[in-house]
Amino acid sequence: MKINIAKYYPLIPVYAVYLTMFLVGFFVPGLWQLVALLAFYCALGQSWNIFMGMTGYVDFGYVTFIALGTYGMALGITYFSQFPGLGIAIIFIGLLLALFLSTLSAILEAGIALRLRGAYFAIACIGINEGLRHLIEGAKIWGGSEGMLYWKELTEVFGTETAIQLTTLWADIAVFIIAAMAAFINVYYMRSKIGYALTAIREDEDAAKVMGIDTTKYKTIAFLTSGWLGALVGAMAWGLKLTHVFPADVFVIHYTVECIVIVVLGGIGTLLGPLVGGLIYGLSKYWLAIILPGFQLLIFAPIIICIIIAFPEGVIGVVKRRVKGTRLERYII
Amino acid sequence: MALLRLENITKRFGGLVAVNDVSLEIEAGESIGIVGPNGSGKTTLYNVISGVYPPEQGRIFFEGKDITNLPAHRRAPMGIGRTFQIPRPFSSASVRENVAVGAMFGTLSGKVSVDECSEIAEHYIELVGLQAHKDKDSGTLTPVEKKLMEIARALAMKPKLLLMDEAMAGMHPRDIDDMVKFLKKIKEDEDITIVSMVEHIMRAVAGFAERVMVMYRGAKLIDAPTAKALSDPRVIDVYLGRPTGEGEDAEG
Amino acid sequence: MILELLAGNLIHGLLLGCVYGLSTMGLSLIFGVLKVINVGHGPFIMVGAFVTLAMVTIFGTAPPVAIPAALVVGMALGFAFFYTVMRRLIKAPEFTTLLVTFAIGILLQEVVKFTFGAEYRGYNWEVGKIILTITTIPMTKVYASIGSIIIALLLYLWFNKTRIGTAVRAVVEDSEGARVCGVNVDRIYALSFAIAIGLTVMSGVFLTMFIPVGINPYMGGVYTLKAFVIAVLGGLTSPYGAFFAGLIFGLIENGAYVLFAQIPGVAPFSLTVSLAFWMLFLLLLIKPTGLLGAK
Ligand SMILES: Nc1ncnc2c1ncn2[C@@H]1O[C@H](COP(=O)(O)OP(=O)(O)O)[C@@H](O)[C@H]1O
Ligand SMILES: [Mg+2]
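Protein chains in written order, with this note's numbering: chain A, 2 to 334; chain B, 1040 to 1291; chain C, 939 to 1233.
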C-alpha cells in the first residue's frame, strides 16, 4: 500500500507548535509547569475531539475515562510496587491498567449509551460517571472516598531522586507524547474510511446507515480511541504526576466541560482546533488566576457564552474558511 | 430468481397503515416506476426495502436471501442503493467526499482504497454533471444539485438495485428528458436494475419505466407494463385526477 | 425493627419526593419545549435556597413567604437568559446548548458566591412536628410537600385550562405544527423557559424547608444530577411525568438508604446515590423514553 505523505502535511503546524512549547518549557527557567499545563489541556482537547469532533456526539461523561486512567496508574504503582525488580515496568503496567479500565467502561457505555442519541446520550454518560464515582465511594472500592496515596510506593521502587524526576518531568513529557499521538490518530482517521464514516454519521446518521455504514462500529472505534487517549492522559498527568487519587477529585464533570470549551474555542472537528483552543484556554485561565485570583469562573462563564453564540465554528473553523483555495489549505484542517 | 421479492409487506405508523400487504417481484435488469398520489406509501416502501425500519408483516428477499431482519448497513453492501425524496447530503462534506462515501461502503466496500473511492467519485460526479461543484460543501448546493449528487452517490455504490425517490422532482422538463436518457444509458453501462419512483412526472415514467406499479393508500392498485398501467382508467381516477400531467412537478 | 425504619423512611421519602418532583418539572418543561437539556439546572435550585435565606435572615419572614419572591426572581432570570442567550440557540447543535447552560449555571454560582460568600449556611424555623410511632415528621417538611403539590396542581390547571397553556402543550408536541396553526411559538418559548426557571427556583425554597442547612453556592450540582434521573424516569418531556417520577425517586432513595445501611463496611449514602445512576442507566437501556413516558 502506498502512503500518501501529502495527506499528513496538516501535522506539520501541529508538531511545530508542540515542539516550540516543549523547547520553551525546557529551556526557559520557570515555565515548565505552565507548558505542562498547556500540554495537558491540548492533549485532552485533541483526544476528546476524536470522538465528539468527528461524530458530533457530546460525551458529557468523558472525564470518566480520565478518572479511570488515573486509577489504573494508581493501582499499577500501589500493587505492583510490592514485586521487587519490576522497576520502570510498573509504570507501563499502570498504563495497561488504565487502558483496561477505560476499555471496560467504554464497552459498558458503547453498549448502552451509543444506542442513544442527543439528550439521552449526554444524560447517560453523566449517569455512568456519577454512578461509578459513588459506587467507588459507597462500596469502598480502591480506598473509597479516602482514595489512594502512593508516593511512598513510588519512592520505594525508584528512590526519591528518580521518583521526583518521574513525577515532575517524565509525566509531563508523556503528556506531550500522548498529545502528538492523538494528533496523528486524528489525521489518520480523517484520511481513512473511518473519517468518512464518522462525518456521515455526524451529518445524518440514518442516511449513513442506508449508505452502508455500520454506525455502531465506527462510533465505537472513535469512542474507544478517544477514551483510551483520555485514560493515558489521566494516568500520566494525574496518576503519575500527583501520586494520589480521590474519587471526588477525578470524576468531576467540570473537566469534561473544559474539554468541550477547548475544542469549541479552537474549532470543533478540526485538527489544529484543540491545540489552539488548549493554548487559549490554558493561558487565559493561568493569566486570570494571577491577575484576578478567585474571579476566573465569574469572568469565564459569560465570555464563553458570548464566544459560543458569536463564533460557534471556533478559531480554526474561521481560519479554515479564510485559507480555502490558498496554498495554506493543505496544512490547516 | 427475482432480484427483489416483497411478500405481503405491511408497515403501520400507529393506527395508520402506510403500506398495506404489498407484494412485488423485480427481476434483474428491469426498470420500474412506482407511482401514486402523495401519502400512498411509496417512500415508506422504500424505507422498508432499504432497512430504515422493519415491516410489521411480510418478508423481503434480495437475490433469494431473506433480508427482512437485516440492518440497513448490511443491505447497502449487498447492492441496494437509494436516493432520498428530501435530499440528505452529508452537508459539511464536499460533493466529492459524499460520493466517495457511496463507493466506500457500497458493494465495493472493503475492495477499494480511499484514494480509489475518490477516483470513482470523480467519475460519477462527472456523469451527473456536477464537476464544477465537486469541492463545494454539499450543504451549499441547490436542491436540484443535491438530487444529482445523491444519484451520483447512489451510483458510486455500484448497486444492483437502485431506488430513486422522486429524484426528478423540481427539474426542468428538458432536464428530465436528459435524466431519462442518462438513466437508460447508466442502466445498460452499469448493469443495474433501476426502480425509479416518480410522482406526477408522467413524462419521466412513460419515458423510462417498462413496468409501472401504482400504489394507492398503501396498497398495490396496479402492476402492469407501462402503457397498459398508465391508460388504466383507475389511474386517471385515483392518481392523477386529470388525463396526463405534462412535465408538472410537485414536492411531496 | 428494620421494617419500621423502612416505613418511617418511606414516609420521609414520599414527602421529599414531592419536592423532587417539583424541582424536576422545570427541567422537563424546558426539554419538552426547547429540546434543550438545562445542564445548569441545579444552580437555579440553589438560587431558590438563597432567596429563602435572604427572606428569612434579612426580612425575618417565614420561609414559605419566599415563594412569591422566588417565582419573581426565577421568571425574571428565565426571561433574561432566554432573550439574551437561549433564543439564539433554539436550533443550535447540542454541544452549544449543553455548554451554554452549564456556563449559565457556573455564572449563577459565582455571582451568588461573590454576593453571599462560599460558606455553608442555614436557618432555623420550627413549627412543631407530627409524632408517629415509627418516625417523627417536622411540620416544615409537610408544608414543603403540600406547597409542592399545590404548585404542581396550579401548573396542571394552567396547562389544561388556559389558552396559553394549551399552546405550550401544542409546541411540546410539534413546534412546527403549532406555528402553522398560528401559535406564536417564540413567545411560548420565552414564557415556558421563564416558567420553568420559576418552578425550579421555587422548588429551591421548599428544599431548604426540608434540609435547612448546607445552603451554599455549589449545592445545586447534586440536584442537577438527581433531576436528570427523575426526568428520564418521567419521560423527559412531561412535567407531570416528572412530578410522579420525583415521588418514586424519593421513595427509592430513602428506602434504599435504609437497606444499604444494613450492609457492614459500606458508605450507604454514596451507594444510594450510585444506585440512582445505575437505575438511570438501566432505564435508558430498557426504555429510553422513560417509564412514565408516553410512547
Ligand atoms: N415516520 C413516519 N411516522 C408516521 N407516519 C409516517 C411516517 N412516514 C410516513 N408516514 C405516513 O405514511 C403515509 C405514507 O407516506 P409516504 O410513504 O411518505 O408516502 P409517499 O411517499 O407515497 O408520498 C403518509 O400518510 C405519511 O404521513
Ligand atoms: Mg414520498
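By construction, these hints were calculated from the structure, which means they are not laboratory data.
Just so it is clear, the structure is predicted and the values come from calculations on it, not from any experiment.
Honestly, I wouldn't trust all of these hints.
Lysine to aspartate or glutamate pairs mimicking EDC-like chemistry, simulated, CA-CA at most 16 Å apart [unchecked claim]: (1) B:Lys1175 <-> A:Asp207; (2) B:Lys1224 <-> B:Glu1165; (3) A:Lys194 <-> B:Asp1154; (4) B:Lys1199 <-> B:Glu1227; (5) A:Lys286 <-> A:Glu314; (6) B:Lys1226 <-> B:Asp1262; (7) B:Lys1220 <-> B:Glu1249; (8) B:Lys1223 <-> B:Glu1249; (9) A:Lys321 <-> B:Glu1158; (10) A:Lys325 <-> B:Asp1176; (11) A:Lys8 <-> B:Asp1176; (12) A:Lys194 <-> B:Glu1155; (13) C:Lys973 <-> C:Glu1114; (14) A:Lys194 <-> B:Glu1046; (15) A:Lys325 <-> A:Glu314; (16) A:Lys325 <-> B:Asp1174; (17) C:Lys1029 <-> A:Glu204; (18) B:Lys1104 <-> B:Glu1066; (19) B:Lys1104 <-> B:Glu1046; (20) A:Lys321 <-> B:Asp1174; (21) A:Lys8 <-> A:Glu330; (22) A:Lys8 <-> B:Asp1154.
Structure-based check of all given hints:
For the given pair, B:Lys1175 sits about 23 Å from A:Asp207 by alpha-carbon distance, which is inconsistent with the 16 Å threshold. At roughly 14 Å between alpha-carbon atoms, B:Lys1224 and B:Glu1165 fall within 16 Å of each other, so this suggested pair holds. Note on A:Lys194 and B:Asp1154: the hinted pairing holds, with a Cα-Cα distance of about 10 Å set against a maximum of 16 Å. Restraint check for B:Lys1199 and B:Glu1227: the C-alpha separation of about 12 Å stays at or below 16 Å, so the hint holds.
Annotation: proposed proximity of A:Lys286 to A:Glu314 is violated, straight-line Cα distance about 21 Å (limit 16 Å). Using a Cα cut-off of 16 Å, the hinted pair B:Lys1226 and B:Asp1262 is violated, with the two alpha carbons roughly 21 Å apart. For the hint linking B:Lys1220 to B:Glu1249, the alpha-carbon distance of about 14 Å falls within 16 Å, and the restraint holds. Between B:Lys1223 and B:Glu1249 the alpha-carbon distance is near 11 Å, which keeps this suggested pair within the 16 Å criterion.
Simply put, A:Lys321 and B:Glu1158 have alpha-carbon atoms about 25 Å apart, too far for the 16 Å limit, and the pair is violated. As the CA atoms of A:Lys325 and B:Asp1176 are separated by approximately 12 Å, the hinted pair is consistent with the 16 Å bound. For the hint pairing A:Lys8 with B:Asp1176, the CA-to-CA distance comes to about 19 Å; that exceeds 16 Å, so the pair is violated. Proximity of A:Lys194 to B:Glu1155 is assessed by CA-CA distance (about 12 Å); at most 16 Å being required, the pair is judged to hold.
Between C:Lys973 and C:Glu1114 the alpha-carbon distance is near 13 Å, which keeps this suggested pair within the 16 Å criterion. This hinted pair does not check out: A:Lys194 and B:Glu1046 have alpha carbons roughly 36 Å apart, beyond 16 Å. Taking the CA atoms of A:Lys325 and A:Glu314, the gap is about 15 Å. The hint holds against a cut of 16 Å. About 10 Å separates the Cα atoms of A:Lys325 and B:Asp1174, which keeps this hinted pair within 16 Å; it holds.
Distance restraint check for C:Lys1029 and A:Glu204: the Cα-Cα separation of roughly 15 Å lies within the 16 Å cut-off, and the hinted pair is therefore satisfied. Annotation: proposed proximity of B:Lys1104 to B:Glu1066 holds, straight-line Cα distance about 14 Å (limit 16 Å). Among the hinted pairs, B:Lys1104 with B:Glu1046 is consistent with the structure: their alpha-carbon atoms are about 13 Å apart, no more than 16 Å. With a C-alpha separation of about 14 Å, the suggested pair A:Lys321 and B:Asp1174 falls inside the 16 Å cut-off, and the hint holds.
A C-alpha spacing of about 12 Å is found between A:Lys8 and A:Glu330, which places the hinted pair at or below 16 Å, so the restraint holds. The straight-line distance between the Cα atoms of A:Lys8 and B:Asp1154 is roughly 11 Å, inside the 16 Å bound, and the hint therefore holds.
In summary, the structure is inconsistent with hints 1, 5, 6, 9, 11 and 14 from the numbered list given earlier, while agreeing with the others.
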